[in-house]
Amino acid sequence: MDNALQPATSSSASRDQITRAIGWAALAMLLVALVIVFTIAPSGDVRSGGEAQRIFYFHLSSAWVGFGAWLVTAYCGIRYLKTRDLQWDRRAHASAEIGVLFIVMVLLSGMLWGRPTWNAWWTWDFKLTLSALQFLMYVAYLMLRSGIENPEQRARFASVYGIIGALTVPLNFLVSRVLQSIHPAVIGPSVNAAQQGDFGVSADRTIILMFCLFTFTLIYIFLFRTRVRLLEREDALAVRKAALVEVS
Amino acid sequence: MNLLQDKNAVYLLAAYGVFLGGMTLYFVSLVLRRRALDRDEQIIEQVEREETQQ
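Respectively, the protein sequence lines represent chains D and V.
If you count the first sequence from 1, position 95 lands on 1523 in our numbering, and the numbers rise without skipping.
If you count the second sequence from 1, position 18 lands on 155 in our numbering, and the numbers rise without skipping.
It is worth saying that the hints were derived from the structure and are not from the lab.
Treat the hints with caution; some may be incorrect.
Stated by the list, open to error - Ranges between beta-carbon positions, derived for each pair: (1) Ala1548/D x Val184/V: 49 to 59 Å; (2) Glu182/V x Ser1442/D: 22 to 32 Å; (3) Gln179/V x Thr1511/D: 30 to 40 Å; (4) Val147/V x Trp1452/D: 45 to 55 Å.
Said to hold, decoys possible - Computed footprint of chain D on chain V; a stretch qualifies when at least three of its residues, placed anywhere within it, have a C-beta under 8 Å from a C-beta of chain D: (5) 150-160; (6) 163-174; (7) 178-184.
Where a beta carbon is used, it is the ideal one built from N, C-alpha and C, also for glycine.
All chains should be built: construct the whole structure from the sequences, respecting the hints.
Dropping the structure here:
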């Protein structure tokens, strides 16, 4: 039996408690991260946007979650195809939905950094174009799901799509490192580092960045657990509704 | 230099508005969806009770 269709137990209550605790911890860390970014973090030089350089900490953290969510969706898709357990499909769905949010934040914050730094809101650079494509692929994933009624068929199609879509994640990471790209590659080597402005991350910035990455990971876990729980309840309710229609 | 005196501070504040606004909106959507589910579950329970009584 699909475990979402089992009645609420003490284990689901304890799961909710854990989710709430993660939520409070994520909120506290988010507030600390904001204070650090706005007061302790050094401001950038003119080439990196001056004060706008502080966008970088949350921009990269959003990208980490946005692209990582694709990998989680793909992993859950693989697990669904292996086990045919709809719980994996719910996890894939939840992760993709959160991924859309964070990719939107990446695109918008990138534009807000690009305007004072590149003097352009947007360029059709490989990395930027690929990021926009990933956003559209996420949206298409959710549209695909909403267009199929049968849960098993929906899960199967979405799993395959999710696995294929995740291939763009390593491509996006590599594109600004191996091709000519205006987008800075702040982590790892790049073939055109000089043209990108030689943006390295100093030791003090690295610590702040790691803190922000951890904070955003915690936010993702909180949102993911909350959304999965809602999807479980939605599915259980749909079954009860269907049973009532059959009876009447 | 004061952060707000920088000519690029407006972009910084707008970006953090996007981050915090985006996450808040999504969280609010989750709360609203949970409330709608609670309401639906109550209605279903009521209908199920009526069905068993008949």
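Each hint tested on the structure:
| no. | hint | in the structure |
| --- | --- | --- |
| 1 | Ala1548/D x Val184/V: 49 to 59 Å | holds (58 Å) |
| 2 | Glu182/V x Ser1442/D: 22 to 32 Å | holds (23 Å) |
| 3 | Gln179/V x Thr1511/D: 30 to 40 Å | holds (33 Å) |
| 4 | Val147/V x Trp1452/D: 45 to 55 Å | violated (32 Å) |
| 5 | 150-160 | holds (count 7) |
| 6 | 163-174 | holds (count 6) |
| 7 | 178-184 | holds (count 3) |
Hint 4 from the earlier list is the only one contradicted by this structure; the remaining hints agree with it.
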